[in-house]
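Engineer: Using the hints provided, position chain P with the ligands relative to the given structure of chain B.
Those protein sequences? They're chains B and P, same order as listed.
With numbering that gives the first Met the number 0, the residue at position 55 of the first sequence is 54, and numbering never jumps.
With numbering that gives the first Met the number 0, the residue at position 306 of the second sequence is 305, and numbering never jumps.
Calculated directly from the structure, the hints in this document are not laboratory data.
Backbone N, C-alpha and C define an ideal beta-carbon position, used for all residues, glycine too.
Please note that a few of the clues may not be correct.
To be verified - Simulated crosslink set (PhoX-like; lysine-lysine; CA at most 25 Å straight-line):
#1 P/Lys-149 / B/Lys-24
#2 P/Lys-165 / P/Lys-149
#3 P/Lys-265 / B/Lys-271
Claimed, not checked - Label-pair restraints from in silico Cβ distances:
#4 B/Val-16 / P/Arg-345: 56 to 62 Å
#5 B/Val-126 / P/Asp-95: 33 to 39 Å
#6 P/Glu-341 / B/Val-126: 21 to 27 Å
#7 B/Asp-242 / P/Lys-150: 48 to 54 Å
As the list claims (entries may be wrong) - A short list of chain B residues far from chain P (calculated; beta carbon distances all over 10 Å):
#8 Gly-130
#9 Gln-194
#10 Val-307
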Amino acid sequence: MTENIIEVRDLVKHYPVTQGIVFKKTVGQVKAVDGVSFELKTGETLGVVGESGCGKSTLARVLMNLEKPTGGSVHYKGQDISKLSGGALRRLRRQIQLVMQDPYTSLNPRMTVGDLIGEPFEIHSEVAPKGSRRGKVKELLDLVGLNPEHINRYPHQFSGGQRQRIGIARALALRPEVIVCDEPVSALDVSIQAQVMNLLEKLQNEFGLSYVFIAHDLSVVRHLSDRVAVMYLGKMVEVGTEDEIYERPTHPYTQALLSAVPVPDPTLRDNKAIIRLTGDVPSPISPPSGCRFRTRCWKAQDVCAQQVPLLEIRRGSDHPSACHFAEKRAIVATHQA
Amino acid sequence: MSDILVSEQSAPGADGSGRPSGRLLEVDDLRVEFRTRDGVAKVINGVTYHVDAGETLAVLGESGSGKSVTAQTIMGILDMPPGFVTGGQVRFHGRDMLTMSAEERRRIRGEGIAMIFQDSLSALNPVFTVGFQIAEQFRIRRGMGRADAKKRAIEMLDQVKIPNAKGRFSNYPHQFSGGMRQRAMIAMSLALDPEVLIADEPTTALDVTVQAQIMDLLGELQRERQMGMILITHDLGVVADVADRIAVMYAGRIVEEADVYDLYAKPAHPYTLGLLDSIPRMDEKGQELRTIKGLPPNLMNIPPGCPFNPRCPMAQPVCREKVPPLLQIGSGRASACHFAEELVNRD
Ligand SMILES: Nc1ncnc2c1ncn2[C@@H]1O[C@H](COP(=O)(O)OP(=O)(O)OP(=O)(O)O)[C@@H](O)[C@H]1O
Ligand SMILES: Nc1ncnc2c1ncn2[C@@H]1O[C@H](COP(=O)(O)OP(=O)(O)OP(=O)(O)O)[C@@H](O)[C@H]1O
Ligand code: SF4
Ligand SMILES: [Mg+2]
Ligand SMILES: [Mg+2]
Numbered sequence: 000m001t002e003n004i005i006e007v008r009d010l011v012k013h014y015p016v017t018q019g020i021v022f023k024k025t026v027g028q029v030k031a032v033d034g035v036s037f038e039l040k041t042g043e044t045l046g047v048v049g050e051s052g053c054g055k056s057t058l059a060r061v062l063m064n065l066e067k068p069t070g071g072s073v074h075y076k077g078q079d080i081s082k083l084s085g086g087a088l089r090r091l092r093r094q095i096q097l098v099m100q101d102p103y104t105s106l107n108p109r110m111t112v113g114d115l116i117g118e119p120f121e122i123h124s125e126v127a128p129k130g131s132r133r134g135k136v137k138e139l140l141d142l143v144g145l146n147p148e149h150i151n152r153y154p155h156q157f158s159g160g161q162r163q164r165i166g167i168a169r170a171l172a173l174r175p176e177v178i179v180c181d182e183p184v185s186a187l188d189v190s191i192q193a194q195v196m197n198l199l200e201k202l203q204n205e206f207g208l209s210y211v212f213i214a215h216d217l218s219v220v221r222h223l224s225d226r227v228a229v230m231y232l233g234k235m236v237e238v239g240t241e242d243e244i245y246e247r248p249t250h251p252y253t254q255a256l257l258s259a260v261p262v263p264d265p266t267l268r269d270n271k272a273i274i275r276l277t278g279d280v281p282s283p284i285s286p287p288s289g290c291r292f293r294t295r296c297w298k299a300q301d302v303c304a305q306q307v308p309l310l311e312i313r314r315g316s317d318h319p320s321a322c323h324f325a326e327k328r329a330i331v332a333t334h335q336a
Numbered sequence: 000m001s002d003i004l005v006s007e008q009s010a011p012g013a014d015g016s017g018r019p020s021g022r023l024l025e026v027d028d029l030r031v032e033f034r035t036r037d038g039v040a041k042v043i044n045g046v047t048y049h050v051d052a053g054e055t056l057a058v059l060g061e062s063g064s065g066k067s068v069t070a071q072t073i074m075g076i077l078d079m080p081p082g083f084v085t086g087g088q089v090r091f092h093g094r095d096m097l098t099m100s101a102e103e104r105r106r107i108r109g110e111g112i113a114m115i116f117q118d119s120l121s122a123l124n125p126v127f128t129v130g131f132q133i134a135e136q137f138r139i140r141r142g143m144g145r146a147d148a149k150k151r152a153i154e155m156l157d158q159v160k161i162p163n164a165k166g167r168f169s170n171y172p173h174q175f176s177g178g179m180r181q182r183a184m185i186a187m188s189l190a191l192d193p194e195v196l197i198a199d200e201p202t203t204a205l206d207v208t209v210q211a212q213i214m215d216l217l218g219e220l221q222r223e224r225q226m227g228m229i230l231i232t233h234d235l236g237v238v239a240d241v242a243d244r245i246a247v248m249y250a251g252r253i254v255e256e257a258d259v260y261d262l263y264a265k266p267a268h269p270y271t272l273g274l275l276d277s278i279p280r281m282d283e284k285g286q287e288l289r290t291i292k293g294l295p296p297n298l299m300n301i302p303p304g305c306p307f308n309p310r311c312p313m314a315q316p317v318c319r320e321k322v323p324p325l326l327q328i329g330s331g332r333a334s335a336c337h338f339a340e341e342l343v344n345r346d
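Bound conformation, chain B alone (with noise of 0.2 Å):
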């Protein structure tokens, strides 16, 4: 009943490093994804987290063929979007959408409401013919839960909370199948928060959307997501259900990620059991060679230099993690009631 909505294959995105200012000259690559393969099946929500800088954003933009990958593939229903044109690619731009981190900028601020939501129309004139414009907006800022009667309000009159809504809202004017979000909830309070994430899996209920959903709070990811990818420096280190990930984490960077988790409950400060990572943070510019987190990793070996880990499922643990000595680690349970 699952089919794949998305399959990700073999995924890399380098990016030019320039010298010079008259003549640019490129001294080599930043590797912001490099080798990445996934699947995103109907339905479900994949929760994407890792290290700042891993490459989450670069994925989002080449899923939404804002940008072309440098290798491998992203296949959308079968079809490889990248190969795609004309009136094709304006309907795989209406079947995939993006909400984007920072409802402060993201908005034009000299535009209505009903014109930014309005907007995907003028485009895709298809979905609503000119004089139902104003009506399906309406719907939609009631789907979202705002005051329809706002229609006509500026972008700085909405708090922090709202104006994600609309966000939300323009993601959805063209009726997608896919939203990306890339941090969609983390500048708002918790209360807000809260607001956005029961809209998003109502909606997911309704209309049987598929979400990737990037964020940096473990908690929410937790709560949104049925599996968890976790990212460091460009590649996958570990994947699984939300149980699998949370509960038995076997890579060494998931366990240190868990660990790392801010508690709500000042009385735990003093006794929590934190990895700290040292070492070298390395650059997506020279990676290192074998495994990428061996520089920071308490248990690295002679092997991890020489050998790249590969995402497989391993003795002992019944989910795929890019680590030679993979093993489950008690992990101190966070956010407990």
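Structural biologist: For chain P with the ligands alone, kept in the frame of chain B given last:
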């Protein structure tokens, strides 16, 4: 604790750092409004808080409650117009900054009080390299030569864990990831070794391991240099980890102030209670999250009585009539709710 030891006016201290100790920065009954075509929005309606040397005050509150506008007023970078300060004082070492000359305020910025801005992308200038923007401060304010300034800037970038800081020195802001820009912003604000740091959402774009490193770094600076910090954040986990005291804002007012342990254990305002209840908990997957019902008030038309009353599950008729003042309840804490005592004394 420090309230007993420290007099209202701060005096140079003897903690060895050569830094004055005690009350560094006080915001006193601050009032700010925005006058726009659509009307007057009363954004700050009598905010009072202070931060002492070496201390962390966390400021929590609803999106749009005025946390950043208060910080902008302290820094003297409020958009004027449409913003107007209509009352109150901002005292640094006991002296009101709102009545100082522009030149005096300029000298305080950076060295006296520095700020990490919430929106790091628009705070960095897109046409200059990140390294240049940090080095520039050492050149202008510290009179360093080009080479020395560059060296110091690279050290700063390294300190905030930018990988390959030397190589990244000449990158433009758009070549940095969201979290790297945020760290560049932090490096810039720490460059002149400020006495007070206002950190507006300093780690929202960072993963938790880098976040822990940055908070460690800030904590170290506080211990070594007795830096006072105002931490504005939505992350109740980070607050639980690092704050000494907490001020909670709603509709331009402080509605609760308390020691970090008291506030988490027994919130004394229904808004704070609602906030703590909305935290997604790992053990409640699949359930709808609790939220605070309704919308924040329209600041052009704040409801009479308690501004939280239309959304408050405890509201009584008195809440629609009388504005609850921020009153002391017990030692070291205050709440602006008519039923604060009842809330705290619940089992
Ligand atoms: N246009 C660009 N030119 C050069 N390098 C780039 C460009 N865009 C991104 N990068 C680099 O690619 C890497 C990955 O960046 P990306 O924005 O995808 O990270 P991220 O995982 O989204 O991080 P964050 O959590 O901090 O937002 C970073 O090293 C970044 O500096
Ligand atoms: N330049 C401006 N013109 C008009 N209104 C403004 C301006 N700047 C801020 N406001 C309004 O002032 C109020 C307080 O904004 P502020 O940025 O201080 O909120 P905040 O508490 O920092 O919220 P968040 O948590 O979302 O950052 C908001 O209602 C906002 O719309
Ligand atoms: S004063 Fe009344 S309305 Fe305001 S928070 Fe307290 S109980 Fe609620
Ligand atoms: Mg990003
Ligand atoms: Mg703010």
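Engineer: So, for every hint listed, does it hold in this structure?
Structural biologist: Against the structure, the hints come out as follows:
no. : hint                              : verdict
1   : P/Lys-149 / B/Lys-24              : holds, 23 Å
2   : P/Lys-165 / P/Lys-149             : holds, 9 Å
3   : P/Lys-265 / B/Lys-271             : holds, 22 Å
4   : B/Val-16 / P/Arg-345: 56 to 62 Å  : holds, 60 Å
5   : B/Val-126 / P/Asp-95: 33 to 39 Å  : violated, 57 Å
6   : P/Glu-341 / B/Val-126: 21 to 27 Å : violated, 53 Å
7   : B/Asp-242 / P/Lys-150: 48 to 54 Å : holds, 49 Å
8   : Gly-130                           : holds, 29 Å
9   : Gln-194                           : violated, 5 Å
10  : Val-307                           : holds, 20 Å
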